Each structure stands twice: as C-alpha cells, then as structure tokens.
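Each protein sequence line maps, in turn, to chains A and B. Just so it is clear: in the first sequence, position 4 is 4 by the UniProt record's numbering, and no numbers are missing. Just so it is clear: in the second sequence, position 32 is 32 by the UniProt record's numbering, and no numbers are missing.
Simulated from the structure, these hints should not be mistaken for lab results. In this text the structure is predicted, and so the values were computed from the model without any measurement. Incorrect hints may appear among the rest.
[What the hints assert, rightly or not] Under the rule of at most 30 angstroms between Cα atoms (straight-line distance), these lysine-lysine pairs were calculated in the DSBU-like manner:
#, chain 1, residue 1, chain 2, residue 2
1, B, LYS125, A, LYS83
2, B, LYS295, A, LYS9
3, B, LYS339, A, LYS9
[Said to hold, decoys possible] Stretches of chain A that chain B covers, calculated by requiring three or more beta carbons in the stretch to come under 8 angstroms of a beta carbon on chain B:
#, region
4, 7-18
5, 38-45
[Stated by the list, open to error] Some residues of chain A that are not near chain B, with every Cβ distance over 12 angstroms (derived):
#, residue
6, SER2
7, ILE4
8, PRO66
9, GLU108
Beta carbons: idealized from backbone N, C-alpha and C, even for Gly.
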Amino acid sequence: MSDITIKIKDREGNVHEVQAPTDMAMNLMEIVRSYELAPEGTIGVCGGMAMCASCQCYVTSDHVLPEMSYDEDLMLAEAFNVKDNSRLGCQIQMTEDLDGLEVELAPEI
Amino acid sequence: MIKTDILIIGAGPTGLFSVFEAGLLKLKCHLIDALPQPGGQCAEIYPKKPIYDIPAYPEVLAGDLVANLMKQIEPFEPGFTLGERAETIEKQNDGSFIVTTNRGTKHHAPVVAIAGGLGSFEPRKPQLDNITNFEDNGIEYIIRDPELYRNKKVAIAGGGDSALDWSIFLADVANEVTLIHRRNEFRGALDSVEKVESLKKTGKINLITPAEVTALQGNGKLESITIKQEGEEFNLELDHFIPLFGLSPKLGPIANWGLEIEKNAIKVDNTLDYQTNIPGIYAIGDVNTYPGKLKLILCGFHEATLMCQSAYKRIFPDKKYVMKYTTVSGVDGFDGSRKEAEKAVVKSIK
Chain A
1 MSDITIKIKD REGNVHEVQA PTDMAMNLME IVRSYELAPE GTIGVCGGMA MCASCQCYVT
61 SDHVLPEMSY DEDLMLAEAF NVKDNSRLGC QIQMTEDLDG LEVELAPEI
Chain B
1 MIKTDILIIG AGPTGLFSVF EAGLLKLKCH LIDALPQPGG QCAEIYPKKP IYDIPAYPEV
61 LAGDLVANLM KQIEPFEPGF TLGERAETIE KQNDGSFIVT TNRGTKHHAP VVAIAGGLGS
121 FEPRKPQLDN ITNFEDNGIE YIIRDPELYR NKKVAIAGGG DSALDWSIFL ADVANEVTLI
181 HRRNEFRGAL DSVEKVESLK KTGKINLITP AEVTALQGNG KLESITIKQE GEEFNLELDH
241 FIPLFGLSPK LGPIANWGLE IEKNAIKVDN TLDYQTNIPG IYAIGDVNTY PGKLKLILCG
301 FHEATLMCQS AYKRIFPDKK YVMKYTTVSG VDGFDGSRKE AEKAVVKSIK
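Excised from the complex, chain B in its bound form (with noise of 0.2 angstroms):
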C-alpha cells in the first residue's frame, strides 16, 4: 500500500504543480498516470508545440514545460505509479481513501486531487473483427516493456512519433520489425523518418507502405495479419502487432465514482477549494467544471494551488498556518536541499 498525503490522479501540468504548492505546506503527493510517462497532453501529444500563455514564459515547448515542472518539484520526492489507471476508489472510515488502479496497485491518502484532464489516455484501436479477442494476447495497443518483444517477430502500425520511435528502438530489440503504414509520408518528427529510412536500408527494419492491415489470425493467440498494399492482400506471421493510432481521452472509471458530473467534467465548488460533492476529494485543471471555467494549464496551476491550502487545512484542522512567498522563506525540499534568496552582505564605503 502506497501512503501519501495528497494523492493525485493525472500527472499533466496541473497535477505536477500540484506537487510544488504541496511541498511547500510539506504534505507529500503521489501521482497515478494511465501514460507511462508524466506531462500528460503536453508530452504525449504535443511536446514539440509551443505554449504561448504561460505567465512569464513569452513561448515554451510543451515539453519544456514538463521538463521544467518535473525539475521544479524533484525536491519534494512525488511517487508515480505509471501506465496505470485509478479504477476505485473506497472512502474509509477516518475519511481517507484508498485508490486502487487497474493493475491493482492501491493508495492510500487523506486527501484526492483528480487532475486528470480530459480523462485517462486509451488507445484508437484500429477497427478489425476479432481484435479483442487477441489483446495482451500478441496485441499491444501502448509499449509498456519493450523486453517483451525480444528476439520476436514484431510489426506496428501508424505514422506518427510513436510508430516511428518504437519501430527504431524495437530494431534493435526484437528479431523482425515491420513498420506498416497507410501513406509513403510519415507524420513524425523528420529526423525520426531519416532513422526508419536508413534501418530500412540495411534491412533492420522492413516497411510496408501504402498499406493496411486488413484482417487477424490466430487461435487464442495472434499469429499472423494480412496486409493490404496497392490491392494485393498477403498475410505476414509474426509474435506482437502493434497498432499506434494515438490515444483518445475518457473519463473512465472516475465518471462512477458518486462525483456530479456535468458535460464530461466534474462539478467543482470554485467559490472555495475546487472541492467536489465528495468532502476530501478536489477536481483541479480540464478535468473540473465551473461558472466561467476555461480549460487553460495557467487556470489549472491556479486551482491546484488553492486546493493544497484546502487540503492542509483538511489535513491539519488544528494546525495555523499563514501563506508564505518563496522568496520570504525559500524552498525547503524533503530531499534536505534549501534554496533560497541570497543574504545581503555588508557594502560599505570608506
């Protein structure tokens, strides 16, 4: 069981926040992540585009962005539990909770920060009969260990960054790597696409374009495709297909558990906290609604902010305590690291 003080579903840019804001009243945060890795939007869909409204910030990468805020709060430890989903949730009866995601992974905090944006990220699945019936089972919708495909007979589908970057690193994991695409053009980051082309070159990696897969076969267990090039249809064996079409976001499990949810987001008190109708769980960023609310990640580190006051005086109900600003007080990490203002030195003139 994972404890923590402020448990946060989402680590996009609210959720990391999240973590910083928290530090500083020295609650501790533990984030959960249906991506395998943090950022979110930001770094799954457009880390490479650029942010123009962050205060103070005249243009940032997204995931710059990220890189930042993950190096804003590594002084305050965050855990992450990764790639999986926050499936239930069980109020307890001190008033904490415990959340337990799809891989059975449970948590336990006092307090429930929902920065999930539009929802957890599942994959497109490609429409082909029978596709279910071969998940986990020879198809993977999202690489979690790339190891399971070592020394294996592997294709993926798609023709963006992530069928690009997997099928570059997977040649030299697995035996056979075929890259199968709808257009000879690729949408990913070009210096990728000059990767593909010269692994195609020297047979690493054998790419199939214009093509489609069309069809399944397989008895419990995927064994081969058949692809669909220029009319002509012909099957391909192998151990692992991968489509990567992207990931689409859904609310998921989170829309069952007993929040007011209104247009696909969930109802938050923004007079006060960003508290929902659950005491101790708060809905802070996309993933919240409100009179007036804008879906901006400058409104989200807003919210996450007031929430964390909230959910000390949650926490603490005895304990007084008044804001203080960093540049007062500085930032004393959990790793023992301080940073503050530099004292002022003693000029003068004789």
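For reference, chain A alone in the conformation it holds in the complex (with noise of 0.2 angstroms):
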C-alpha cells in the first residue's frame, strides 16, 4: 500500500498538495485535520460520524467516489453552501484509486 496524493484548497483558497496513506483507515476530513489544513474544531465536529457536515468539500477532479450512504445523503440534505459535488470529507477513505484526487473545503458555518 502506497501513499496517494491529494489536493486541497482551503478555506482561504490556498491549495495544498499532500501525501495520504492508504493503510491506516483514514479519511479525507482526517487528512485535513493531520494537515492542520482547517483550524481544530472547525471540521470534524462530530468525529467522522457524517453528522454534522463540518467537513463538507467540494470534488473539483473527475474522481469516482464510492457511492453516497443513506446517512451522508441525508446530512448534506440539511448543510448550507451545499453544490451537486459536494462530499463529506469524513465519509471519504483514502484508497489507491483517489490519487490525484482535489478537492476544495466548504465554507465554515
């Protein structure tokens, strides 16, 4: 298992290209976090359970992602700034197939 590499541009529109493993069960709004790429409790507020949309993003590659849960479906359902490619970041696993992937932070609430 290798690393992956990500883009993400913050919420102040700084772009940052970092390296994500694949073998330690980690998520996109996890990455952000190990990153220091949002400011601590401004993402991930609920700690990953797609309750909160904190860690709301926007997929800006032609990426394929798995497949919305009935739970993030919902959640983003309920969020604000909400566009057709938003994703929770919390429900996205770092996988092989996501290299080159970007991203874009939503707006905090």
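These two chains come separately, so use the hints to put the complex back together.
The following block contains the structure:
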C-alpha cells in the first residue's frame, strides 16, 4: 500500500498538495486535520459520523467516488452551501484509486 | 447569586464526572451549559451512537453514558444552569470568581473549571436575508419553553431528530404545525419518522417536502415565510418559524477571558493540574490543549480528577488530605446517602 497525492484547497483559497496514507483507514477529513489545513474545532466536529457536515468539501477532479451512504446524503440535505459536487470528507476513505484527487473545503458555518 | 465550590462550565461527560470527584472531597459543584440538557455532544449530537473506548465498557451508547454519569453524581446534588451561556468572568479581591451568563444569572465560586468541549453550541442559521431581524420575534433556533407555542401557528424546518421530535411534541401544543424539509426522507430515528407520518395522516402535522424556506416577511415581528416546493413558491402565514439545522460549537465569549488560547483550545499546565494561565481557572476535557493532548472522554475523566485535587488544595490550603479509594471509604452523598462495601461476616465451621 502506498501513499497517494491529494490536492486540497483550504477555506482561504490556498492549495496544498499532500501525501495521504492508504493503509491507516483514514478519511479525507482526517487528512485535512492531520495537515492542520483547517482550524481545530471547525472540521470533524462530530468526529466523523456524518452528523455535522463541518467537513463538507467540493470534489473538483473527475474521480469516481464511492456512492454516498444514506447518512451522508441526508446530512448534506440539511447542510448549507451544498453544490452538486458536495461530499462529506469524513465519508471519503483514502484508497489508491483516489490518487490525484482534488477537493475544496466548503465554507465554515 | 448561586454559590458553589467548583463552578463547572460545560455539562458534558468531563464536567459531569468532575462532580463525582469533587464530591469525594466534599466540594459542591454547579454546572452551566448552553444546551437545555446535560450531556454535551453525547446527548446533543450522538446519543444513540456506541462508544467503545470507555474503560471497562466494551460498548456503551453515548446517551447511556450520560445517564450513568448523572446517576453516579446524583448523591452530590449538583446544581445546573442550563440553556444559558457563560458570558463574563470577574475576579474578586479574594481570588474568587463571578461568572455571569447571557441571561444574567450570576454564579460565585473560588474555583472555575472550564469543561466546555469544542465550545458552546450555537445554532446553524439558514442563510436567509433579514433573518436576524426576526430572532426572538418569531424565529427561534432552540426551543426552551414549548408553552410559547401554545395555540400558535408554527413551522419547523429540518430533517433530523430535533425537527421530528419537536414537530411531534408541538402537534399537541400548537394550533398548527408545519414541517418543511428539503427531502422526502428524514435522518431521524425510524419511530419518529413513523410518528410524523401518522400525525400527517390525521392532519396534526402539515408536512411540506421536498421544499425549503426561501424568504421571510414581517414588520418587526415575523408574519409569514415563503416556501419553495418543486419550483413553485407560496407563502405561509405563521406566528413562529423554528429552523432546526443542528448546532455548531464555538469557543465564544470564553476566548475573551484573558486565557491563553492555542488552536481554538485553552492552554493548561498538564504537568500538574490542568490550571490555565489564570490561577483558579482550570480547563479540562476537549477544551484544553497541551503537548500530546488527546480529545478523548477517558482523558477528560483523568483531567477532571486531578483538577479536583488541585481545587481542594486551593480552597483549603492548610487542610491535610490524602486521596482515598472509594472501595475503602465508600461514597457519602450530600443527600445523606451512603454507599459502602459490605462488611465481612464471621463464617465459622463447627
């Protein structure tokens, strides 16, 4: 299992190219936190249970992501600033086929 | 003025467990929390979710953890100021503190322990023009007193448990209840969804889905809302609109108390007692930070225990004390109750 490269645009518009391990059961929200790309307490508030939408992001590359779970879909139905390419970072597991993924963090609410 | 020994800000697991550890030292606690019920995130966000890393509990639901903590601290008769946010702190000449909430309730204590988690929960407000004009004038984000809605026309927006539960509750209180949600599907518990469905059939709840509120009208006081459903817009006259889109934690006024803040958390001395840069103010649980900090409930319990020992020494600097084991000394409640190990009985063989 190797690391993959991901491009993350933070809430200030800065783009960060980071390495994400694929063998630590990490999700995108946790990658953002591990690189401190959003202030603590403003992302992953619920811990990653798809229950708060603080990790909402927009997927800007054309990767095919795993289908949304019922929980994620309904949480996004209650979130703000939702777009067609919105996903919850906590529900995107880091896997090798996501190498080159590009995302943008949604504004903080 | 509410007087206590340790004033705890935040009634989550760490704050609640502090009451027990303080009680063993015969110190009385009072808790302030912005939420209307104790339990913090465990009660508000994920009461039905299991936690697997509480020592000796292979699995416990967050809501049950809170219920058990409430039972454990009951003998120590904690006081609660709920649904109010700690706003200001004033240090007195004798080193004690007065903490005042946003509703003006004053609390006086020699020790303050901030167990505020990620901060006080603030409602997530829908992005509607002029929404702030109607706050407390027809728009409420948290239901504090259901009686406010008796015989009124009420609309609730949202798709989670609180939107469902309050729609069900208010169906018997209000004159008219409308529930608006962007989807036909709801995120809340299945039995709540089924209850709403049956109340819809009997005409007790007016369900409008998939739809969203797009505008607010009124003159000083909210009079109607505009609802957009499948491209069509129409107005609904009402007395109250309650958007329930969840809560998001903000450190809030505590950030202005002169405490050293780092990464949205309060810096403490973890080598000793989790005291902040202001003597007499401690920070425990998820709200604090120090090298190696982990935001875990079990770490919060440890921090609460050490904080209480230090608070005791601060309140009674000259009084001798050694830590005691509950198995040996039992638990003496302030309510006169006593728990203790069974005494040995003499068993003789003749």
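Taking the hints in turn, this is what the structure says about them:
1. B/LYS125 to A/LYS83: Given that 30 angstroms is the threshold and the Cα spacing comes to 18 angstroms, the pair holds.
2. B/LYS295 to A/LYS9: Cα-Cα ~26 angstroms, so holds.
3. B/LYS339 to A/LYS9: violated, 57 angstroms
4. 7-18: Contact hint for the region 7-18 of chain A vs chain B: violated, 0 residues under 8 angstroms.
5. 38-45: Per the Cβ count (5), the hint holds.
6. SER2: Non-interface label stands for A/SER2: nearest chain B Cβ at 28 angstroms, farther than 12 angstroms.
7. ILE4: Nearest chain B Cβ is 26 angstroms from A/ILE4, so the label holds.
8. PRO66: holds, 20 angstroms
9. GLU108: Its Cβ does come within 12 angstroms of chain B, the nearest being 8 angstroms, so this is violated.
Taken one by one, the earlier hints fail for this structure at numbers 3, 4 and 9, listed in ascending order.
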